[in-house]
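Engineer: Could you build the full structure based on these sequences and the hints that come with them?
Residue numbering for the sequence shown is 0 to 366, as defined by my numbering.
Everything labelled a hint here was simulated from the structure, so no lab data went into it.
Each statement offered as a hint is correct.
Derived DEER-like restraints, expressed as beta-carbon distance ranges:
| # | residue 1 | residue 2 | range |
| --- | --- | --- | --- |
| 1 | W29 | L153 | 32 to 40 Å |
| 2 | A172 | V142 | 19 to 27 Å |
| 3 | I364 | K279 | 17 to 25 Å |
| 4 | P141 | W281 | 37 to 45 Å |
| 5 | A333 | L153 | 43 to 51 Å |
| 6 | I103 | V214 | 47 to 55 Å |
| 7 | I364 | F100 | 15 to 23 Å |
| 8 | G94 | I238 | 38 to 46 Å |
| 9 | N70 | S106 | 45 to 53 Å |
| 10 | R359 | E316 | 37 to 45 Å |
| 11 | I138 | V7 | 31 to 39 Å |
Distance condition first, Cα-Cα at most 20 Å in a straight line; then the derived SDA-like pairs of lysine to any residue:
| # | residue 1 | residue 2 |
| --- | --- | --- |
| 12 | K361 | P284 |
| 13 | K83 | V113 |
| 14 | K79 | L90 |
| 15 | K365 | L353 |
Beta carbons are placed, not taken as given, at the ideal position from N, Cα and C, and that holds for glycine.
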Amino acid sequence: MEKAKRLVALDVLRGFTVALMITVNNPGSWRHIYAPLEHSKWNGCTPTDLVFPFFLFAVGTAMWFAFKKFNHNLTGEATKKVLKRTALIFLIGLGLNAFPFFGIDYSHLRIMGVLQRIALAYGVASLIVLAWKRIGVWIALPVLLLGYWGLLILGGDGALSLQGNMVRTVDLAIFGSNHVYHGYGIPFDPEGLLSTIPAIGTVLIGYLVGRQVDVRTDKSRAVKDLILAGAAMTFAGVIWSFVFPLNKPIWSSSYVLYTAGLATILLAFFIWIIDIRGYKKWSMPALVFGMNPLFIFVLSGIIGRLLYMIKLPVSGESTPLKTLIYEHGFASWAGNLNGSLFFALTLIFLYWILADVLYRKKIFIKI
Numbered sequence: 000m001e002k003a004k005r006l007v008a009l010d011v012l013r014g015f016t017v018a019l020m021i022t023v024n025n026p027g028s029w030r031h032i033y034a035p036l037e038h039s040k041w042n043g044c045t046p047t048d049l050v051f052p053f054f055l056f057a058v059g060t061a062m063w064f065a066f067k068k069f070n071h072n073l074t075g076e077a078t079k080k081v082l083k084r085t086a087l088i089f090l091i092g093l094g095l096n097a098f099p100f101f102g103i104d105y106s107h108l109r110i111m112g113v114l115q116r117i118a119l120a121y122g123v124a125s126l127i128v129l130a131w132k133r134i135g136v137w138i139a140l141p142v143l144l145l146g147y148w149g150l151l152i153l154g155g156d157g158a159l160s161l162q163g164n165m166v167r168t169v170d171l172a173i174f175g176s177n178h179v180y181h182g183y184g185i186p187f188d189p190e191g192l193l194s195t196i197p198a199i200g201t202v203l204i205g206y207l208v209g210r211q212v213d214v215r216t217d218k219s220r221a222v223k224d225l226i227l228a229g230a231a232m233t234f235a236g237v238i239w240s241f242v243f244p245l246n247k248p249i250w251s252s253s254y255v256l257y258t259a260g261l262a263t264i265l266l267a268f269f270i271w272i273i274d275i276r277g278y279k280k281w282s283m284p285a286l287v288f289g290m291n292p293l294f295i296f297v298l299s300g301i302i303g304r305l306l307y308m309i310k311l312p313v314s315g316e317s318t319p320l321k322t323l324i325y326e327h328g329f330a331s332w333a334g335n336l337n338g339s340l341f342f343a344l345t346l347i348f349l350y351w352i353l354a355d356v357l358y359r360k361k362i363f364i365k366i
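Structural biologist: Here it is, written out as structure tokens:
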């Protein structure tokens, strides 16, 4: 059994990603957000739209190192671990949707979500790489991405629209309109069940990159090859987008290649700076986030929900604690836009203090 080597650059990438996920999910006011910190309304790709696929890419890269303990074989122990972790992450995500559990209308409980997508994409990708090896991954990738494109096109006119896409059709058929996301004005889930298919591809690309980093003895050459591969994927995603637009809500196949390409380039850059050149001190703030990523993310979701739930009487009205903190603690002196941003950055700083304490005490909460 080969012991996995730690790739510090991967922890840093994961840490930056989690920090950005929390930042974009916790503005002081959803009405006052700088454009780069907003998701595209439909087609397109803002910096914020890179965050989730970067995390899934990092999940795939970490899988290569984690599965070395099983010699990359689908053993009984490996299968049990994958299925257990998949179920646990999914249930935590479902629990986060249901939090605080009391006073919740479960007939309208959203089933899918960010953690649920991470769970399913991780679980299926893990079984693919362990059962079919590298050659199976190279077969599965085009099948998933091209097959998904074909499935959506089958929807006919409006197949790539908000109202007419097959992702929405499948979710409504399986979960019903009461159990999907309604933030787009109609029932449509950006972490839908069908659109998890190409998300699996994001994880698989990350896995292949992890293998490339690990097995190549000449790390400098490996970094150069990764940059070329990343550039090629990014370019391919842009070309594909002319017929299958970059789109995060339906996780289009062009979006998979485009974002995975950029993630590959960024990881290669971090490897060169951190693991090859040894410049690590600058990355410590991100590293501590990267060592407990899912725990910090779940905690931020719980606290974010509590800040809305806790209400105080102001001028005869019940006002959420978050609104009071934002308006009086930030917007009052920084303005609406900057105040909204500073609110999010303050939360990040507080979570970082906790993550740093856990890191220094060598407490790493595994999910």
